[in-house]
Amino acid sequence: MSGVWVVLEERAGRIAPLSWEALAAGRELGAITCLPVHAILIGADTAKLAGELAERGVEQAIRVEHPLLAAYTADGFALALEQFLRTADPGYVVFPHTYQVRDYAPALAAKMGQMLLGDVVEICRRGPDQVGPTFVRQMLQGRLDGHYLHAGGGPCFLSVQAGAFRAQESPAQTDTSVETFTPALEATQIRTRPGQPFRASAQTVDLGSAERIVSVGRGIRDAANIPMAQELASALDAELAASRPVCDSGWLPADRQVGSSGQTVAPKLYVALGISGAIQHQVGMKASRCIVAVNKDPDAPIFEIADYGIVGDLFEVVPALTEAVKARKN
Amino acid sequence: MPMKIVVAIKQVPESGSPFRIDGSGRWIEEIDLNYTLNESDAYALEQALQLKEQHGGEVVALSAGPDRVQSVLRDALAKGADRAMHIRCGDGPDRDALGTARLLAAAIRPESPDLVLTGLQSDDVGHGQTGVLLAELLGMPHASLILQVEKSETGLNVKRELEEGWLQMIELPMPAVLTIQSGGNKLRYATLMGIKRAKTKEMRSIDAPELGVDTAAVAVLDHVSTIRKQKSGQILTGTPAQAAAALVEKLQFEARVL
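Sequence lines, in order, name chains A and B. Sequential numbering from 1 applies to the first sequence in my numbering. Sequential numbering from 1 applies to the second sequence in my numbering.
By construction, these hints were calculated from the structure, which means they are not laboratory data. Check before you lean on any hint, since a few could be wrong.
Taking lysine-lysine and the DSS-like style, the derived pairs with C-alpha atoms no more than 25 Å apart in a straight line are [to be verified]:
#, chain 1, residue 1, chain 2, residue 2
1, A, Lys111, A, Lys48
2, B, Lys250, B, Lys52
3, A, Lys326, B, Lys250
4, A, Lys329, B, Lys250
5, A, Lys268, B, Lys201
6, B, Lys199, B, Lys52
7, B, Lys199, B, Lys4
8, B, Lys250, B, Lys151
9, B, Lys4, B, Lys159
10, B, Lys250, B, Lys4
11, B, Lys4, B, Lys52
12, A, Lys296, B, Lys250
Take a look, some chain B residues computed to stay more than 12 Å from chain A by CB distance [stated by the list, open to error]:
#, residue
13, Met3
14, Gly16
15, Arg26
16, Gln70
17, Ser71
18, Arg83
19, Gly90
20, Leu147
21, Ile170
22, Ser182
23, Met193
24, Lys199
25, Met203
26, Ala243
27, Glu249
Nothing here was measured: the structure is a model prediction, and the numbers come from that model. Quick reminder that beta carbons are idealized off the backbone N, C-alpha and C, glycines included.
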């Protein structure tokens with residue numbers, strides 16, 4: 001075993017912030033297992049990205065580079081990283097839990113007889129007589145934590161959830177030793193042809209700049225009930241938003257969706273109505289300053305991150321809340 | 001050109017079910033649960049049925065689990081799948097996503113499908129990778145988080161969801177594996193005629209050991225626990241009017257967000 005390797009992801013010419021959280025997780029893992037921590041960059045030319053490593057205290061990094069890695073493809077990334085990892089013989093390979101990682105990391109893991117421990121939120125040391133740490137990940141849409149061990153030989157692949165580990169700057173510049181690895185790739189091995197990313201439609205609602213947001217989930221039950229939530233939003237001078245199922249059902253347009261596949265928001269006040277609080281929703285709103293949850297299920301995970309909660313029927317609570325807000329104004 | 005499509009679907013506990021940790025500490029009490037079809041798998045099935053309607057061919061529904069999973073397979077037949085395959089095995093914590101993908105791959109291989117569809121993630125364990133693992137095991141190209149599938153001259157043209165509202169088109173040859181995101185299509189209901197017809201359709205059961213694959217877990221679930229509170233939130237009680245008034249008071253004077 002030659003250490004912990006953290007795969008950093010590029011976004012718009014920079015190392016994506018979530019990658020630094022993955023690096024922080026890698027360092028926790030390194031401290032627990034007494035293994036050195038290294039970074040991996042992957043692409044056609046990662047020289048500029050490598051320049052960001054020193055201020056993050058990365059001591060050793062590898063640039064996995066090939067012209068065929070210019071555009072992301074699952075085949076290209078999985079093949080290239082497999083070739084490198086077979087030479088490095090890592091103990092652990094850590095990724096940020098992004099859509100890109102979800103697309104290729106399981107295939108890479110499977111090439112090496114492994115799977116990906118995805119969406120890890122915590123890494124725990126175990127007793128002195130036990131081998132390896134435990135990895136905590138959420139199950140049943142956030143209702144329970146599952147504590148996992150990695151069995152058998154071969155590297156352990158894991159990805160870390162956004163917001164679970166704190167990214168750190170290094171107090172002093174580090175001398176980063178960087179090497180380049182050139183995988184053997186041929187164009188015919190890359191079976192998919194990716195197009196340029198585009199937006200579905202002009203984003204007309206910028207939820208990111210809203211001070212207050214009222215957000216509705218599956219609990220709203222029907223499009224006919226949206227006006228009830230809109231009334232509360234108007235009373236609070238808030239934007240109306242929704243979780244994915246509401247937008248999937250066409251009850252609100254997709255540009256009002258909050259969560260991993262929609263917008264990420266951090267308003268002063270976020271009121272979640274009938275939203276259970278699955279991970280995919282939480283990552284889009286948990287940085288809000290004050291979170292209010294109204295849900296009939298007292299065990300809904302949204303209450304775990306809420307500052308204030310009302311357990312009850314939202315069809316009774318929301319009109320009462322609208323009245324109370326209006327009464328305060330007068 | 002007609003297409004042969006295998007759609008891998010999973011039965012999961014309903015999201016509103018009470019989840020109690022069982023005596024082993026590794027799983028939930030199944031006696032409490034109602035089961036349903038995993039949401040993104042419902043969209044995978046819908047996509048398969050629409051492709052068959054457009055291009056002809058066959059849709060085979062496949063599921064691994066105990067006998068109760070036959071109910072989601074029967075429902076798939078009622079909605080229009082042509083036949084079903086049931087891999088009979090446990091559904092507890094002892095098998096990981098790689099084990100499941102190996103079972104599914106072993107059942108899919110002799111079918112030689114043009115296309116394999118599955119949902120992007122299960123709503124229970126949620127490893128979110130069975131489809132991608134399947135592609136690797138079957139030696140097929142894949143695309144994940146797919147909202148729309150169109151057949152092209154040379155293969156498929158699919159719309160992939162990226163983060164923060166971005167999308168991307170991807171071309172890939174067949175045979176291929178796609179993992180389907182929810183929301184891309186409108187789901188159909190089974191008709192009475194469909195339910196009646198489903199009774200005459202083939203439902204083949206295979207005992208997992210017959211597939212001869214190694215399903216020992218590499219990601220071993222040691223135990224489960226209730227989630228830790230990340231904030232010490234206050235629950236406001238009373239009648240709706242009392243709770244609402246108390247909340248507004250707190251928002252104004254404690255949190256100062258009004």
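Hints versus structure:
1. Lys111/A <-> Lys48/A: Cα-Cα ~30 Å, so violated.
2. Lys250/B <-> Lys52/B: Violated - the C-alpha atoms of Lys52/B and Lys250/B are around 56 Å apart, more than 25 Å.
3. Lys326/A <-> Lys250/B: 15 Å, holds
4. Lys329/A <-> Lys250/B: 15 Å, holds
5. Lys268/A <-> Lys201/B: 56 Å, violated
6. Lys199/B <-> Lys52/B: Holds: Lys199/B and Lys52/B sit about 20 Å apart, inside 25 Å.
7. Lys199/B <-> Lys4/B: Status holds; Cα separation ~21 Å.
8. Lys250/B <-> Lys151/B: Violated - the C-alpha atoms of Lys151/B and Lys250/B are around 56 Å apart, more than 25 Å.
9. Lys4/B <-> Lys159/B: It holds: about 21 Å lies between the C-alpha atoms, which stays within 25 Å.
10. Lys250/B <-> Lys4/B: Measuring from Cα to Cα gives roughly 59 Å; hence the hint is violated.
11. Lys4/B <-> Lys52/B: Holds. Lys4/B to Lys52/B sits at ~8 Å (cutoff 25 Å).
12. Lys296/A <-> Lys250/B: It holds: about 21 Å lies between the C-alpha atoms, which stays within 25 Å.
13. Met3: 18 Å, holds
14. Gly16: The claim is violated: Gly16/B sits with its nearest Cβ about 7 Å from chain A, within 12 Å.
15. Arg26: 9 Å, violated
16. Gln70: Holds: least Cβ distance 23 Å, greater than 12 Å.
17. Ser71: 20 Å, holds
18. Arg83: 28 Å, holds
19. Gly90: 17 Å, holds
20. Leu147: 9 Å, violated
21. Ile170: Label violated. Min Cβ-Cβ 5 Å, cutoff 12 Å.
22. Ser182: 6 Å, violated
23. Met193: The claim holds: Met193/B sits with its nearest Cβ about 26 Å from chain A, beyond 12 Å.
24. Lys199: Since the minimum Cβ distance to chain A is about 31 Å, Lys199/B lies beyond 12 Å and the statement holds.
25. Met203: 28 Å, holds
26. Ala243: Since the minimum Cβ distance to chain A is about 5 Å, Ala243/B lies within 12 Å and the statement is violated.
27. Glu249: 8 Å, violated
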